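Enquirer: This is what each chain is made of:
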Amino acid sequence: MTLREPIAWLVTAAAVSAAALAFWGARGGTASAGSRASFDVTVVASDAQSLDCSSSADFGGIRCAFGADGVPRKVDLPLRPYVTFYREVVLLSGLFEEQHVAAWLREAMRTADPERVSLRCSGEVLGRAPTVGVRWRPGSAFDPLADVLAGSVRECRFEK
Amino acid sequence: MPVAERDPFGVEKRDVAFETGRAVLNDASPASEPAPTTATRTSPRPLAVGAAWAAWRDTAQFLASPVGVLLICMLCLGVYLRFHALGYPPNFQFDEHHFVENARNYIHHQTDQNDHPPLGKLIMAFFMERLGDGPVGWRAAALTSGLLTIVLGAVAAARLFGRREAGWFAAALFAADGFLISYSRAALLDGFLATSSVAILVACSLPMGATAALLAGVVTGLAMGIKFSGVGLFLPSLLAVALSPRTLRSRVFLGAVVIVVGFAVYVASYAYGLSIAGHPAGLPAVAADTSRLLVHHADLTEMKNPATSGWITWVLPKRPIVLSYNVQAGKARVVTSLGNLAIWWAAMAVLFSVGAVLLWRGVRWALDRSAAVSSASVAPADFVVENGRSVLLVLAVATGYLAPWVLTHRDSYIYHFLPSYTALVLLLSGYVAWARPRRPLSVLVFAAVVLVVAGIYAPIWSAIPVSPRALQARLFLESWR
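Top to bottom, those sequences are chains A and B.
Last residue of the first sequence? That's 160 in the working numbering, and every number before it is there in order.
Last residue of the second sequence? That's 641 in the working numbering, and every number before it is there in order.
In case anyone wonders, no lab produced these hints; they're calculated from the structure.
Hints may be right or wrong, so weigh each one.
[What the hints assert, rightly or not] Interface residues of chain B toward chain A, partial, derived using beta-carbon atoms under 10 Å:
1. 212
2. 215
3. 227
4. 237
5. 601
6. 609
7. 612
8. 615
9. 617
10. 627
Bear in mind the structure is a predicted one, so any value in this text is a computation, not a measurement.
Beta carbons are placed, not taken as given, at the ideal position from N, Cα and C, and that holds for glycine.
Produce the entire structure from the sequences given, and follow the hints as far as they go.
Expert: Right, here's the structure in full:
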């Protein structure tokens, strides 16, 4: 063994550690409860009556309109399932109640406008629901999903 | 078998070329015509077995060394990043719709509306028919091509530079580069051209004869069948023929083989595409459609698309393309084509220093192996002296693929640089492997830096969720976002 061999292994160990640290370090701190977030989703007016979820998850009183057993319950701004631009399912509270969306919804319902619109919304992360059932039509069965992000919406703008 | 000298890191300085039974002592240019040794002629089997055993032993020793461990880490990381979440995003990223939708057209025997020859989309259609018309099916061809680039790149580097280490360096550097990773996970055509860059160098590393000329012609024809810029591969193919120690008549014949086979393969692949779509598929039809596409491309000179970038800016690079961008719910999932900056800038440094040497001393000097080289020197001039033919071949690939963007005003994008860049990374691999016995610690530090940079950028080469702040820190130039 030469004098330089330990140095070489030291360099190697440091590089592998630094690379691993950089790789895993970048992944931390994403979507923690309370952090601000953007939610980009597409909806049609009929979704306001169609989308529902069932879960035992409760985020400070914000929850699905159906319990884990599928029994309906009274919730002011219930979580509802939406599909993002990237086809990921998220549970959002207050989307159809947001002022711009609510105004669009009233007009779309009045004119029976079937057009799908894209929304870029900001809000905050509530947490993740470990298990949840989602449905896209009233009365249909809940499809089970796991580890779904939940959030509340503050403001939305329409994507052109 | 000579007693091998060992460097301070325990790796033998003697290298064994990939050609069976050919031992090379710091060989200067093993890609030149192989001259069988006396031992090979008299007792081929014992020497072949002995050489194979020595090769395995040397490889094991190399991979167990510090730099070998770093290269293995790069390889593992690179392969993981190519496979990870290949189906993400589930919708089209960047220009994928152009190629996927026309691959679908071929599947349904409909007209290709795309402005490139059919072959790339036919390859994608082949995978989509077997793996399904979904995101994994769309990108499986690119993934296969990307893995092939690593393997063929390693073979080409080892053969051209006469060192197995060059092969390992090439494999690791290709694996750990974001430009190549991102195009291995996208249903785009440029990854195929990157594969053609290393495939042509494998062909050029063979002893030039009918087989090598045929192979070079096939690779060139296939590259042209993917994109017209593949025509640039005639440059290294014909250079390899010109540099072979054959009679003029033989070289002219082999050059003709390359050209005829190249165009025959192009026409055949094009005609196949036309016939699938139900169009006339004879030579006149191929010529007419080729002409139509060439006229279309000649008109694309406005450089108005914000993603365009002039070829000179590719040195930095100024405007890598973000293939997929989704910042959602406090996390970002991004695929950028930004390369590994440690590899990128090192490759540029080698290109400019080697290019300066060639401009100053000339090509004839580069091929004259009579100059003495210090065993301690890492000067680019000495690298060129020892590897002149191989350096010229690799630069010919880079030049051939770069020429259309330098010589015309056609709109250019960073991905047009991918096949040239692939060749330059291979050149870097050759230089690093050549320099390693002379400066082992420097090479080790270089490999370490490459791995660390790969670790930093890995998440945004492969759509791994990161925080928006981490994304911003990595894409620190505004033009990169």
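Enquirer: Find the hints from earlier in the document that the structure breaks and name them by number, from lowest to highest.
Expert: 1 and 2
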